[in-house]
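Undergrad: Read off the chains here:
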Amino acid sequence: MSAKTIPMYKRPEGLTDVRTHYCAGCGHGIVHKLIAEALEELEVLDRTILIAPVGCAVLAYNYIEVDGLEAAHGRAPAVATGLKRALPDRMVISYQGDGDLLAIGTGETIHAANRGEDITVIFVNNAVYGMTGGQMAPTTLEGQKTLTSPYGRNPADVGFPIRACEVLDTLESPVYIERTSVHNPASVRKTKKAILKALKYQKDGLGYSFVEILSMCPTNWGVEPVTGAEWVKDAMMPWFTLKKFRDRPEEKKEEKQAS
Amino acid sequence: MSKTLLMKGNEALAEAAIIAGCRHYFAYPITPQNEIPAYLSRRMPEVGGTFLQAESELAAISMVLGAAAGGVRTMTSSSSPGMALKQEGISYIAGSELPCVLVNVMRGGPGLGAIAGAQGDYFQATRGGGNGDYRTIVLAPGSAQELADFTIDAFDLADEYRIPVLILADGYIGQMSEPVVLPEPTGKTFKKPWALTGAKGRSKNIIASMKLIPDTALEEHNLHLQEKYDLISENVRRIETYHTDDAEWLIVAYGTAARIARKAVDRLRAEGVKAGLFRPLSLWPFPDRELYELARNAGKVLTVEMSLGQLVEDVKLSVNGAVEVDLYGRAGGAVPALDDIIERIKSYERENHTHVQAS
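For the protein sequence lines, the chains are C and H, in the order given. Residue numbers for the first sequence follow my numbering, so the first one is 108 and each next one is one higher. Residue numbers for the second sequence follow my numbering, so the first one is 71 and each next one is one higher.
Check before you lean on any hint, since a few could be wrong.
With the Cβ distance kept under 8 Å, some of the chain C side facing chain H (calculated, not the full set) [what the hints assert, rightly or not]:
| id | residue |
| --- | --- |
| 1 | T112 |
| 2 | P114 |
| 3 | M115 |
| 4 | K117 |
| 5 | R118 |
| 6 | P119 |
| 7 | I156 |
| 8 | A178 |
| 9 | E215 |
| 10 | A365 |
Hints listed in this document are in silico derivations from the structure and should not be mistaken for laboratory results. Ideal Cβ placement from N, Cα and C applies to all residues, glycine included.
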């Protein structure tokens, strides 16, 4: 046997070698890794700026080896708009959670998408406010108990969970909209492809790309990590269908050439 | 060669922003500042810049934050209720030490108020409407010419100190047409090694107002900000005085109110009353030492403002009890009447008060 070591797997160059603050079974670390891998593969680590949201991923810029910027709660797509307009040849990622994207930042979300800003929004949907301790989110499921829906979410009172991809799919401008999940290895691989595609489209200047990722929050769901992964499949996926809603790079390329 | 143009104040400011090198402007419509976005929506494409009408004031100020983080000169403008919405982003920008220029063409409040010019946002501007211990430089122009000149200055100050600079105007100055000689660019350049341009050939940059680790990080950050504010307080003290050398009455006013007060000084002097005008051009830092000296020499102080007791607080803090201070304020878009200012001072003279009433 040769003593030569063949590296089968390594930490992506774009992922900082530190312990994250995320809880056991949380999906953020997986999503961070996929972004880091995608940026490395696209060779854009040194021209990317990551905008961290207010929420559990508020320190995301400490974990991904690119320039990092903070945005106020919900404002990341507007901050991304300003930055991208200032530096059109840089890659700008707006990383957001469900409260950020669909409650306090609904306006910014819709309008950045509607303008077709040349940015990538990575939306981590775990159906709960994590950082503040487990309150009801716009994506909290019907009947789901949280800190602020102790009797379960009642749609008659607070409405149904909002489906971001479906809402954005009504807009003309986005080039790419897909919902994936990270609850098992096969889904993680699909999510990687989706993130890679979204960022590739931005690299090619094709406009707004959006990836929603169903993710686990066992801590605030009050379950074991393994159960958390199952809950994504059993509870979230029936309401939040995994689907590619939009993928039209050719059309965007033509528009770009025409303009 | 510079020629004199007839321009609305808002347009003079907008063109000056172009001259200062601002190529990224984000705003939401609101009266009485609408000439600024209208002008820049036409001009920015001509100079290869970005004009973007945002979906809200919250978004507009956030776009400014993003553009500033990218290292470019950027500006937003609004009027009072819109400025209230921008306070969130201003606090973040101040905490993140990003340079930008903000413009408030004030109207009457509270709430939706009305669209006529007013000065009711003095507290909001100088005390900060956002959360936390922060400051913005506040400049107070009084004419279309100064709207242009102060804008040039504002961009340099913002870059020099990495701080938001607020131009606090009002609807009268913004909408009045006056002769303007457009200013020249200063040519000052500022290195921005902190900008988020992608970590090519350097370690990564992070711009954030949040400071978590270690436990003392946030206090240290605040102390650092305070040191900067102390430095600005020494370096950026802007005043204009008019007949203050021998004044026995000192009128303190800024912006539109100061224009009327200046006329009152002329009239009072013609009638034998030695009045003078102290006009702060920077509202933060407030030129307190300068005012203290002149107020003590004069002995009697009248504050004239288009609000009901805001500027007068800084006047009182400046004189620190050495001189009593009277207030003549109008609100809700009303303008101080020349005759009222004169009569107020003359009534004290007639009755031979030894000092004026504290307001």
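Undergrad: Hint by hint, note whether the structure agrees.
TA: Taking the hints in turn, this is what the structure says about them:
| no. | hint | result |
| --- | --- | --- |
| 1 | T112 | violated, 29 Å |
| 2 | P114 | violated, 24 Å |
| 3 | M115 | violated, 28 Å |
| 4 | K117 | violated, 20 Å |
| 5 | R118 | violated, 16 Å |
| 6 | P119 | violated, 15 Å |
| 7 | I156 | holds, 5 Å |
| 8 | A178 | holds, 6 Å |
| 9 | E215 | holds, 5 Å |
| 10 | A365 | violated, 18 Å |
Hints 1, 2, 3, 4, 5, 6 and 10, counting from the list given before, are not met by this structure.
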